[in-house]
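**Q** Here the protein sequences come in this chain order: A and B. In this text, residue positions in the first sequence follow our numbering: the first is 1, and each later residue adds one. In this text, residue positions in the second sequence follow our numbering: the first is 1001, and each later residue adds one.
Some hints could be false.
Derived BS3-like pairs (lysine-lysine); straight-line CA-CA distance at most 30 angstroms [as the list claims (entries may be wrong)]:
1) Lys135/A <-> Lys90/A
2) Lys1083/B <-> Lys197/A
3) Lys90/A <-> Lys56/A
4) Lys1009/B <-> Lys56/A
Keep in mind the hints are simulated off the structure, nothing from the lab.
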Amino acid sequence: MPVGLLGRKIGMTQVYIEAGIVVPVTVLELGPCPVMQVRTVDRDGYEAVQLGFGDKPRRLATKAERGHVAEINSKRRRSRAEAGVELLAKADCEPQRYVREFRTDGEDHGLEVGQVLTVTQFAETSHVDVIGTSKGRGTAGVMKRHNFAGQRATHGVKKVHRHGGSIGQSADPSRVLKGTKMAGQYGNSQITMRNLKVIRVVEEEGLLLVKGAVPGVTGGYVIVRSTNKMG
Amino acid sequence: MRNRQELLKSVEQSSLRETPLKFEVGDTVDVHTRILEGDKERIQVFNGVVIGTCGGGTRESFTVRRIVAGQGVERSFPVHSPKVAEVVVLRHARVRRAKLFYLRDRVGKATRLRERRAKVGEVEATVKK
């Protein structure tokens, strides 16, 4: 099973598949993703693969980011080598803009640091999960945020046309229940779209076409993993 | 980072018709569409005047208007759908606008369009017998 991939959202369009059926698709640009680190139970307490996406110019990267991907011969590394500490392998690539880990507990993924993953690994996959950051809408009222109906435009409604109405009872319980839907920050949160159908994999361009919408702005970063949802 | 618009275009390219349909607004056309009847495929023809095109890329479509039993009928076809087998141009017309919606307000003789001869390089109009 593919570990997963990082990428960005290119935008939506529609394509014809066989029999003249037109499908709305979101185009995702995935990879190439270098494996930056492989986490093991012995060393880190859990198993995971750390991938990166998008080269970050060296002038923008911190020393730590550069040292994470390549040998920069630091004083600390030298002293640790002298002390006989086993040093981690480096991916030997450019610093990456977007770095995320994929848990691989108990899985035999067979990946090594420095390996580069491309969209090819999804060639056999039928459905994927896509994780993105939804568009931020700032502080939003209950009509936008929770699809409340609001109140009437006329018939004596005074300056409360977009209000939510009552938020609870009076004497009992004399407080607002936790989780009551109210106005507040809407969007700009991590959203997972599960079980999106893979329509096409364009290997030479590194593109993945999934059916339907994907959270976030075009150009936004996304995480794609094969789905664990059945059916 | 590669250009997003170009990547989108390259994806759409695969869904576009290989040989573009050749017709213009105002043309009288026969649209041949593939229809699945049971498990047999047959061709259905819709005849009428192209009164406008809409959209671009894979979403491009055109609208054909005809009069059936005194009732105006309009049908829109996606240009790039594989279901649209062929568009045969029967005659060209001289029109001065991109959308011929004014034909909707006209009946009988007033719906006629001034015919013009095919431009150089344009498909020869096939005469319907």
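**Q** Take the hints in turn and mark each one as holding or not.
**A** Outcome of the hint check:
1. Lys135/A <-> Lys90/A: violated (35 angstroms)
2. Lys1083/B <-> Lys197/A: Holds. Lys1083/B to Lys197/A sits at ~23 angstroms (cutoff 30 angstroms).
3. Lys90/A <-> Lys56/A: holds (17 angstroms)
4. Lys1009/B <-> Lys56/A: Holds, at about 26 angstroms.
The structure fails to meet hint 1 from the earlier list, while all remaining hints are met.
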